[in-house]
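These are the residues of each chain, in order.
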Amino acid sequence: MADMIATRDSFSKVLVELGEKDNNIIAMNADLSASTKTDAFEKRFPERFINAGIAECNMLGMAAGMAHCGKTVFASSFCMFASGRAFEIIRNSIAHTHANVKICASHAGLAVGEDGATHQSVEDVAIMRDIPGMTVISPADDVSARKLIKAAAAVKGPFYIRLGRAAAPVVYPEDTEFEIGKAVTVLEGSDFTVISSGCMLETALAAADILKEEGISVRVIDMHTIKPIDEDAIVRAAVETKGIVTVEDHSVIGGLGSAVAEVLCAKAPARLRTVGIRDCFGESGKPAQLYEKYGLTAADVAAAVRSLK
Amino acid sequence: MQTELKEVAAKIRRDIIEEVYSAQSGHPGGSLSCADILTVLYFKVMNIDPKDPCAPGRDRLIMSKGHATPALYAAMAERGYFPTEELTTFRKIGSRLQGHPDMETLPGVDMSTGSLGQGISAAVGMALAGKLDGASYRVYAVLGDGELQEGLVWEAAMAAGHYKLDHLCAIVDNNGLQIDGPNDEVMTVEPIGDKFRSFGWNVICCDGHDTDQLAEAFEKAKAFEGKPSVIIASTVKGKGVSFMENQAGWHGKAPNKEQAEKAEKELGGEK
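Quick note, the sequences are listed as chains C and S, same order.
Mapping of the first sequence onto my numbering: position 72 corresponds to residue 72, and the numbering continues sequentially without gaps.
Mapping of the second sequence onto my numbering: position 93 corresponds to residue 93, and the numbering continues sequentially without gaps.
One thing to keep in mind: the hints can contain errors.
Counterexamples of contact, computed for chain S against chain C with all Cβ distances above 10 Å [as the list claims (entries may be wrong)]:
| id | residue |
| --- | --- |
| 1 | K11 |
| 2 | E104 |
| 3 | D110 |
| 4 | C206 |
| 5 | D210 |
| 6 | S242 |
| 7 | K265 |
| 8 | E266 |
Pairs of lysine to aspartate or glutamate residues, derived as DMTMM-like cross-links and limited to a Cα-Cα distance of at most 20 Å, are as follows [what the hints assert, rightly or not]:
| id | chain 1 | residue 1 | chain 2 | residue 2 |
| --- | --- | --- | --- | --- |
| 9 | S | K227 | C | E47 |
| 10 | C | K21 | S | D133 |
| 11 | S | K131 | C | E47 |
| 12 | S | K131 | C | E42 |
| 13 | S | K6 | S | E266 |
| 14 | C | K156 | S | D102 |
| 15 | S | K164 | C | E47 |
| 16 | C | K156 | S | E266 |
| 17 | S | K131 | C | D22 |
Derived by calculation from the structure, the hints in this document are not laboratory data.
Beta carbons: idealized from backbone N, C-alpha and C, even for Gly.
Generate the whole structure from the sequences, applying the supplied hints.
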């Protein structure tokens with residue numbers, strides 16, 4: 001049984017590590033430090049922790065100002081409020097000015113669970129991906145989250161890093177190396193390809209297991225960077241396998257599925273099925289129940305693969 | 001000093017007309033209303049060097065009312081940031097003088113603005129960074145009075161009060177008008193002073209067209225400790241051009257040739 005760690009906890013850990021090495025690193029938060037796990041940084045470096053109060057727009061506006069005075073700013077809130085409420089501040093004050101702000105947003109997707117639709121962000125990847133120059137990262141597990149956040153810290157410019165609330169299995173060995181914009185083929189396969197983002201990697205791997213029993217060989221790709229997307233990995237999957245299924249805890253409109261479709265249409269037309277939220281809002285419930293109801297289980301992914309046969 | 005600054009302000013006003021006329025686009029009303037404020041900031045108050053526009057220790061100016069680029073660019077050009085000849089490229093394709101200030105195209109612009117409310121928020125962040133670094137620079141943010149209707153202004157004001165950013169000075173260009181008409185008909189912003197005071201600010205009021213009063217207000221703001229300061233500058237939209245004064249219609253409209261010539265003449269120009 002794999003260790004279970006939420007990627008928001010991975011963020012918490014790596015943020016303190018980064019803070020130890022670089023005095024210019026600032027952590028910002030909007031009254032959710034216990035939830036976004038920036039409280040560890042606050043405890044260690046209280047002078048470099050800025051609480052904006054319940055004011056995400058101002059948090060990100062201030063983040064832009066701090067970044068333009070030489071700070072590397074990690075600003076954190078829930079995906080819903082960071083990307084949704086503060087969209088235009090991110091667009092105009094952060095992205096348009098190439099401010100060195102890393103928006104580390106937690107509580108992605110239906111996996112938020114009991115808080116319900118108002119807190120379940122299923123549009124954030126779409127709206128962040130559309131902003132020129134924004135890098136969008138959605139790590140699958142603890143190891144990839146820590147390494148990708150570290151990689152992001154080393155690059156100047158705006159990032160949107162999508163983190164999960166719930167504990168997710170650790171998939172990668174500690175020594176795995178990650179590169180922003182380069183997908184990881186987690187499982188080799190020759191018949192079909194499943195491309196996942198974020199914590200749906202676990203579901204993609206489970207689907208591959210189900211299909212293996214049926215004699216279907218599935219390649220599983222972890223598309224941890226949704227923008228810039230790894231076009232080569234997608235084209236190879238299109239050419240080398242007979243069809244692609246994407247799976248994301250996000251709307252099928254504008255997210256990973258759309259990003260993959262854009263590459264396929266332009267470079268390597270192939271059959272595609274997208275598994276995700278189908279143009280609707282979520283509701284309260286346990287994450288597993290929500291995944292069942294909204295069609296995000298391994299069985300759903302396996303069915304999508306079979307439909308390509 | 002008053003006479004000298006007045007001459008600079010008059011030149012800046014003529015530049016404003018020239019820019020907007022040349023572009024046949026832009027915002028003359030709110031540019032003319034803040035011309036004296038920018039004159040005093042650029043020519044008397046701020047610790048800046050046009051030859052080293054990104055010096056880490058410089059004072060920062062954030063034009064939160066970003067549509068007043070004609071005034072900002074005129075002040076910057078007159079101060080020596082770039083040749084005044086470039087002013088006629090304003091709003092034209094390929095120009096560094098974008099419709100709203102762009103820090104990436106024009107050195108000396110401390111923050112890209114234009115979407116109202118965002119400038120003051122970034123200014124608070126800059127002041128906060130300066131405080132953490134123990135830096136000595138001051139941060140100035142020029143806001144429109146209509147802009148105060150944006151909720152983000154008050155989120156930023158709350159944070160500046162909370163963090164006691166006494167090296168931050170906001171200036172409200174209080175001309176009483178916005179695109180759709182008088183503020184108090186569109187959405188009341190008064191009492192502005194009481195609002196800022198209740199958010200933990202030191203409030204200073206002055207005539208926004210009297211360069212001596214403005215200079216004194218900036219001195220008071222600089223001397224005040226423990227709170228951010230706001231200077232509420234009473235101004236006239238379209239100031240200096242008889243047919244533009246107090247007319248909301250000149251918020252974002254360019255003069256034709258005849259109007260431009262009349263305006264420049266009224267502002268002491270040769271035409």
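Out of the numbered hints, which ones does the structure contradict? 2, 3, 16
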